[in-house]
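Q: Letter by letter, the chains look like this.
Protein chains: 2
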Amino acid sequence: MPRQERAIQTRRIILETAAEMFDQLGYDATTIGGLIDRTRLTRGGLYFHFTSKEELARAVLDEAVTMEGLAPQTFKLQEWVDLALLLAHRLPREPLLSASIRLSVDVKARGMFGTRWPDWIAVGQDLLTAARERGELLVHVDPQETARMFVAAWTGIQLVTETLPDGDLSTEVSGFLRLTLPNIARPGVLAKLDTSPTRAAHLLAPEAGSPATGRP
Amino acid sequence: MPRQERAIQTRRIILETAAEMFDQLGYDATTIGGLIDRTRLTRGGLYFHFTSKEELARAVLDEAVTMEGLAPQTFKLQEWVDLALLLAHRLPREPLLSASIRLSVDVKARGMFGTRWPDWIAVGQDLLTAARERGELLVHVDPQETARMFVAAWTGIQLVTETLPDGDLSTEVSGFLRLTLPNIARPGVLAKLDTSPTRAAHLLAPEAGSPATGRP
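If you read the sequences in order, they're chains A and B.
Here the first sequence stands for residues 1 to 216, where the numbers follow full-length UniProt numbering.
Here the second sequence stands for residues 1 to 216, where the numbers follow full-length UniProt numbering.
These aren't lab readings, by the way, just hints derived from the structure by calculation.
No more than 30 angstroms apart at the CA atoms, straight line, and that leaves these computed lysine-lysine pairs for DSSO-like:
#1 A/LYS108 / A/LYS53
#2 A/LYS53 / B/LYS53
#3 B/LYS53 / A/LYS108
#4 B/LYS108 / A/LYS108
#5 B/LYS108 / B/LYS53
Label pairs and their in silico Cβ distance ranges:
#6 B/ALA71 / A/PRO182: 26 to 32 angstroms
#7 B/GLY34 / A/ASP119: 31 to 37 angstroms
#8 B/PRO72 / A/THR198: 40 to 46 angstroms
#9 A/ASP166 / B/LYS108: 19 to 25 angstroms
#10 B/GLN4 / A/GLN144: 50 to 56 angstroms
Here are a few chain A residues that face chain B, going by a calculated C-beta distance under 7 angstroms:
#11 ASP28
#12 THR115
#13 ALA153
#14 THR155
#15 ILE157
#16 THR180
#17 PRO182
Just so it is clear, the structure is predicted and the values come from calculations on it, not from any experiment.
Just so you know, even glycine gets a beta-carbon here, dropped at the ideal spot from N, CA and C.
Taking the hints into account, I'd like the entire structure generated from these sequences.
A: Given below as structure tokens:
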């Protein structure tokens, strides 16, 4: 493997291992020493990429706002739904994403690094504003208020679901969308939105069969 | 002041100060030493009431499920709404309540003490089941699923709102109720529910003017 490629891979391993530790132990209890144990790197090998726990936390949070799997859809509202479902599908599989929520609800880490919630609210607000311009929303819907409420509710659903036996985040988020969309989407649009818990898996692997747009 | 009454008051001061520390510093960074500094009690005075940080955390969580201010209403659904609004009003004012959420999202404390979310879900489920028996709910509403989703969403709204400048929990929870109730309550009931952000303040001080039942 070329040296540069190996370096990129090592950086990734460090970042994901740090994310796992933040997620499992919390910010305070995560240490560079523990990270060296888990990655089996030398201190020098680690410090080549990251020189402090703070730098690791910032790098984890920098990767938290991600649109992977999102594709243009007939309705902007479907893209907003897709974002919620994609994250619900990915979070239990990607330590970087769950760690970013853990750091956001940890008082100490939050005080040091802030949260990525304002960025997520801005993303949702942009999509909802575009949806409104295309006439997809009921007239009373305020894009900013709705985006804020969704980011908040989504976060709480993640935090509570991970503590429940057999809790499945995709199912919960899908249920939440079904509960709220009738008071957001115009009826004609609502009938065409796909809020299925399995949609994200299809979006991330379109070759697996299901089309990327509309109902399967 | 009689000795017993003073002891009860001291216990309360310790508990609220510990709650403030859990909330502001997190579970790990809260210490008995720091608590002695803040309460200005002697170690013996403190140990008379609580012998460990674990015991304090358990006592905080024991007070987390509270119905204070809740009164019987014409509609069971109004009682459920009231519970959401009462907690939204009280939480920013009562360290015991915010500490219980902080402990629930702290990985270490959660591992040691669990969370009170299952208790809250059970309370909501009971109210929604009673509402369904009285014909207040739309036919598709599942009391357990809806209760679970609400506890989760409410928690997330609290966690995100406290980080936003000018975020007001009562306003946010009221907005969330207005977003979701149209897909939960039967139309005739919906029109009579009071979801105003100021309702909880009236419920907690009925002598201040507003009636406890129905719209003001």
